[in-house]
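Engineer: Letter by letter, the chains look like this.
There are 2 protein chains.
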Amino acid sequence: MCPSQEKKLKMPLGEEKNGACDRSIYVNNPHLESMTEDILYHFNLGTSTHDLPAMFGDVKFVCVGGSPWRMKSFTEYIAKELGLSEPNADYPNICAGTDRYAMYKVGPVLSVSHGMGIPSISIMLHELIKLLYHARCTDVTVVRIGTSGGIGLKPGTVVVTKQSVDSAFQPRLEQIILGKPVVRSTELDGELAEELLQCGKDLAEFETVIGNTMCTLDFYEGQARLDGAFCSYSEEDKQNYLAEAYAAGVRNIEMESSVFAAMCKLSNLRAAVVCVALLDRLKGDQLTSSHDVLNNYQQRPQVLVGHYIKKKLNASKKS
Amino acid sequence: MCPSQEKKLKMPLGEEKNGACDRSIYVNNPHLESMTEDILYHFNLGTSTHDLPAMFGDVKFVCVGGSPWRMKSFTEYIAKELGLSEPNADYPNICAGTDRYAMYKVGPVLSVSHGMGIPSISIMLHELIKLLYHARCTDVTVVRIGTSGGIGLKPGTVVVTKQSVDSAFQPRLEQIILGKPVVRSTELDGELAEELLQCGKDLAEFETVIGNTMCTLDFYEGQARLDGAFCSYSEEDKQNYLAEAYAAGVRNIEMESSVFAAMCKLSNLRAAVVCVALLDRLKGDQLTSSHDVLNNYQQRPQVLVGHYIKKKLNASKKS
Numbered sequence: 014m015c016p017s018q019e020k021k022l023k024m025p026l027g028e029e030k031n032g033a034c035d036r037s038i039y040v041n042n043p044h045l046e047s048m049t050e051d052i053l054y055h056f057n058l059g060t061s062t063h064d065l066p067a068m069f070g071d072v073k074f075v076c077v078g079g080s081p082w083r084m085k086s087f088t089e090y091i092a093k094e095l096g097l098s099e100p101n102a103d104y105p106n107i108c109a110g111t112d113r114y115a116m117y118k119v120g121p122v123l124s125v126s127h128g129m130g131i132p133s134i135s136i137m138l139h140e141l142i143k144l145l146y147h148a149r150c151t152d153v154t155v156v157r158i159g160t161s162g163g164i165g166l167k168p169g170t171v172v173v174t175k176q177s178v179d180s181a182f183q184p185r186l187e188q189i190i191l192g193k194p195v196v197r198s199t200e201l202d203g204e205l206a207e208e209l210l211q212c213g214k215d216l217a218e219f220e221t222v223i224g225n226t227m228c229t230l231d232f233y234e235g236q237a238r239l240d241g242a243f244c245s246y247s248e249e250d251k252q253n254y255l256a257e258a259y260a261a262g263v264r265n266i267e268m269e270s271s272v273f274a275a276m277c278k279l280s281n282l283r284a285a286v287v288c289v290a291l292l293d294r295l296k297g298d299q300l301t302s303s304h305d306v307l308n309n310y311q312q313r314p315q316v317l318v319g320h321y322i323k324k325k326l327n328a329s330k331k332s
Numbered sequence: 014m015c016p017s018q019e020k021k022l023k024m025p026l027g028e029e030k031n032g033a034c035d036r037s038i039y040v041n042n043p044h045l046e047s048m049t050e051d052i053l054y055h056f057n058l059g060t061s062t063h064d065l066p067a068m069f070g071d072v073k074f075v076c077v078g079g080s081p082w083r084m085k086s087f088t089e090y091i092a093k094e095l096g097l098s099e100p101n102a103d104y105p106n107i108c109a110g111t112d113r114y115a116m117y118k119v120g121p122v123l124s125v126s127h128g129m130g131i132p133s134i135s136i137m138l139h140e141l142i143k144l145l146y147h148a149r150c151t152d153v154t155v156v157r158i159g160t161s162g163g164i165g166l167k168p169g170t171v172v173v174t175k176q177s178v179d180s181a182f183q184p185r186l187e188q189i190i191l192g193k194p195v196v197r198s199t200e201l202d203g204e205l206a207e208e209l210l211q212c213g214k215d216l217a218e219f220e221t222v223i224g225n226t227m228c229t230l231d232f233y234e235g236q237a238r239l240d241g242a243f244c245s246y247s248e249e250d251k252q253n254y255l256a257e258a259y260a261a262g263v264r265n266i267e268m269e270s271s272v273f274a275a276m277c278k279l280s281n282l283r284a285a286v287v288c289v290a291l292l293d294r295l296k297g298d299q300l301t302s303s304h305d306v307l308n309n310y311q312q313r314p315q316v317l318v319g320h321y322i323k324k325k326l327n328a329s330k331k332s
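Chains as they are written, first to last, in our numbering: chain A, 14 to 332; chain B, 14 to 332.
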């Protein structure tokens with residue numbers, strides 16, 4: 014069944030076939046129709062300067078993460094996993110003309126960095142959704158592969174997000190539009206989350222759990238850390254807040270999942286969030302593990318999502 | 014007179030002399046006292062791995078901006094302006110071990126990138142404030158040199174911020190701490206803003222104005238743009254909102270000034286925001302100017318702040 018939207022301002026690109034339709038990408042903006050060109054400024058790409066359908070039309074998976082280095086290393090990793098890597102291959106940054114975001118592509122997999130925090134990922138997603146729309150992509154799955162602080166988890170545990178919740182543990186995102194609050198749902202694709210959890214079990218290389226993810230606007234005071242430049246609360250206040258979060262099903266805390274979930278939902282993109290917990294926040298705030306250990310942890314979401322993509326592509330070859 | 018704070022949890026470093034005191038940097042966090050080391054994770058620096066007083070003790074000016082490339086080019090520029098550049102000098106990135114932020118230093122001037130949006134700059138500022146505190150810096154001035162969208166301004170105009178206001182045009186920042194809202198003042202240093210405006214007049218190379226700056230959490234819907242992936246309002250709604258903003262004294266819109274102002278105020282840092290308006294939002298939303306033109310515009314805040322730093326350093330040599 015085609016997804017319906019109450020206020021569908023622009024039709025999706027998918028063609029109806031026997032009452033069903035391809036899973037297409039929506040942009041909900043009637044103004045785009047009247048624009049002669051669309052400049053995706055923060056990607057240094059545009060509809061009149063680049064042939065977006067030729068460059069991106071075959072994209073089926075988009076992986077996003079905060080760090081540009083990590084997104085490049087993911088591209089190298091997935092190329093090998095999919096048998097698409099060539100000796101001495103270098104993957105050029107498609108957004109080389111700007112330092113705002115980095116973007117890499119290998120086969121049907123696009124990898125994009127988004128910086129830190131809701132505003133930074135939100136700019137990237139506006140432009141990514143328009144890019145996929147202009148490129149006439151269909152059936153796209155987007156996964157955020159990130160890092161986070163865990164609650165009551167062994168460091169290195171991978172968390173697949175069930176619901177992205179706010180600081181009051183509600184699955185909602187309040188955005189301000191024309192000075193007024195608008196509340197959006199942060200619901201993610203339940204089936205996709207279960208499939209990713211299963212991938213973690215298949216691999217059996219590290220612990221993978223499913224749980225709620227709290228998304229905050231700040232890393233220090235916003236996450237009850239005691240080691241910021243300012244702190245007006247006690248260790249006990251911190252522990253009480255994290256215990257409340259745990260009781261509400263929160264297993265990790267990061268800074269992008271809510272707007273990621275909300276924007277993917279609005280544009281009909283199948284979406285998931287897979288983050289590794291770098292530490293257990295009940296036991297501390299600072300990242301004291303060695304560089305090598307942290308580096309190993311950061312590769313786990315890549316390995317899990319790499320396994321998922323391989324599985325999906327193999328299944329589609331067979332069918 | 015020493016600044017007073019109602020809840021002074023930690024004493025400043027400044028020594029009292031004849032009833033006056035050096036302008037010192039506050040951290041308001043009693044927990045820092047009990048930490049044996051402080052890892053500034055997103056800078057890849059720390060108190061037990063780096064001699065922060067030796068590396069940063071002489072810093073008197075910190076310039077921050079979104080783009081790492083721009084902050085490197087500012088360092089090259091200010092080195093020349095201050096006569097501190099050497100032939101073929103390269104300025105190494107002090108945070109080379111991470112891709113979260115970039116940091117450069119020449120003489121008393123530190124230059125740090127902060128990415129896009131309030132959460133991204135907030136992480137950087139927590140660690141910058143602790144860095145300056147650990148390094149025992151005094152009398153530090155911090156200036157954000159950025160880009161913005163103008164309202165009713167000729168593209169290329171430089172705006173010195175009088176007040177940083179929220180989407181309802183109020184000089185306040187609401188932060189969530191332990192799940193509860195805390196409101197902080199976004200007041201900036203009025204005297205410093207006037208001095209910077211005067212520098213623009215001295216230079217007479219481009220238009221410089223003083224005005225309020227609206228700080229938003231989103232670039233597209235949050236700034237009433239019509240060209241995002243989603244837009245549920247009309248051109249008229251947009252124009253009405255921007256007209257309201259203009260009537261409230263807003264002359265430009267960006268995404269970092271409010272938390273920058275709030276955190277600098279809390280830590281007793283003299284702070285200013287100087288942003289160039291890349292376009293007039295009353296006339297459009299997309300950045301259609303050529304790369305060269307935009308590049309020239311982006312250099313203007315650097316030129317203005319470079320002039321200010323030179324003037325201040327010359328004055329302190331004479332006195």
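Calculated from the structure, these hints are not laboratory results. As the structure is a prediction and not an experimental result, all values here were calculated from the model. A few of these clues could be false.
Repeated chains share a single entry, so a pair holds when one copy, or any two copies, can fit it.
[To be verified] List of simulated lysine-lysine pairs, PhoX-like, C-alpha gap at most 25 angstroms:
#1 K296 <-> K193
#2 K85 <-> K323
#3 K330 <-> K214
#4 K325 <-> K167
#5 K278 <-> K325
#6 K193 <-> K251
#7 K296 <-> K325
#8 K167 <-> K324
#9 K167 <-> K296
#10 K330 <-> K93
#11 K73 <-> K296
#12 K167 <-> K331
#13 K214 <-> K251
#14 K251 <-> K118
#15 K85 <-> K251
#16 K251 <-> K73
#17 K73 <-> K85
Engineer: Next, verify each hint and record whether it holds.
Structural biologist: Hints versus structure:
Within a single copy, K296 and K193 get their C-alpha atoms only as close as 39 angstroms, which misses the 25 angstroms cut-off; across copies the closest is 23 angstroms, which meets it. Taking identical chains as interchangeable, the C-alpha atoms of K85 and K323 lie at most 25 angstroms apart only when both belong to the same chain, with a minimum of 18 angstroms there against 40 angstroms between chains. For the identical chains of this complex, K330 and K214 are intra-copy neighbours only, at 23 angstroms inside a copy versus 67 angstroms across copies, given an alpha-carbon limit of 25 angstroms. Within a single copy, K325 and K167 get their C-alpha atoms no closer than 29 angstroms, and across copies no closer than 52 angstroms, so neither meets the 25 angstroms cut-off.
In this assembly of identical chains, the alpha carbons of K278 and K325 lie at most 25 angstroms apart only when taken from the same copy (21 angstroms versus 52 angstroms across copies). Taking CA atoms no more than 25 angstroms apart as the test, K193 paired with K251 passes between copies only; the shortest distance there is 13 angstroms, against 31 angstroms inside one copy. For the identical chains of this complex, K296 and K325 are neighbours neither inside a copy (38 angstroms) nor across copies (47 angstroms), given an alpha-carbon limit of 25 angstroms. Taking identical chains as interchangeable, the C-alpha atoms of K167 and K324 are never at most 25 angstroms apart, the minima being 27 angstroms within one chain and 54 angstroms between chains.
In the homo-oligomer, the alpha carbons of K167 and K296 lie at most 25 angstroms apart inside one protomer (10 angstroms), although the nearest pairing across protomers, at 53 angstroms, exceeds that limit. For the homomeric pair K330 and K93, the shortest alpha-carbon distance inside one copy (18 angstroms) is at most 25 angstroms, but the shortest distance between copies (60 angstroms) is not. In this assembly of identical chains, the alpha carbons of K73 and K296 never lie at most 25 angstroms apart, being 40 angstroms within a copy and 37 angstroms across copies at closest. In this homomeric assembly, K167 and K331 never come within 25 angstroms of each other (Cα to Cα): the closest approach is 38 angstroms inside a single copy and 59 angstroms across copies.
Taking the shortest Cα distances, K214 and K251 never come within 25 angstroms of each other, neither inside one copy (33 angstroms) nor across copies (50 angstroms). Proximity of K251 and K118 under a CA criterion of 25 angstroms is satisfied in neither setting, with 42 angstroms inside one chain copy and 36 angstroms between copies. Proximity of K85 and K251 under a CA criterion of 25 angstroms is satisfied in neither setting, with 36 angstroms inside one chain copy and 38 angstroms between copies. Neither within a single protomer nor between protomers do K251 and K73 lie at most 25 angstroms apart by alpha-carbon distance, with minima of 42 angstroms and 35 angstroms respectively.
Taking the shortest Cα distances, K73 and K85 sit within 25 angstroms of each other inside one copy (18 angstroms), while across copies they are farther apart (37 angstroms).
Going down the numbered hints, you'll see the structure goes against 4, 7, 8, 11, 12, 13, 14, 15, 16, while the others check out.
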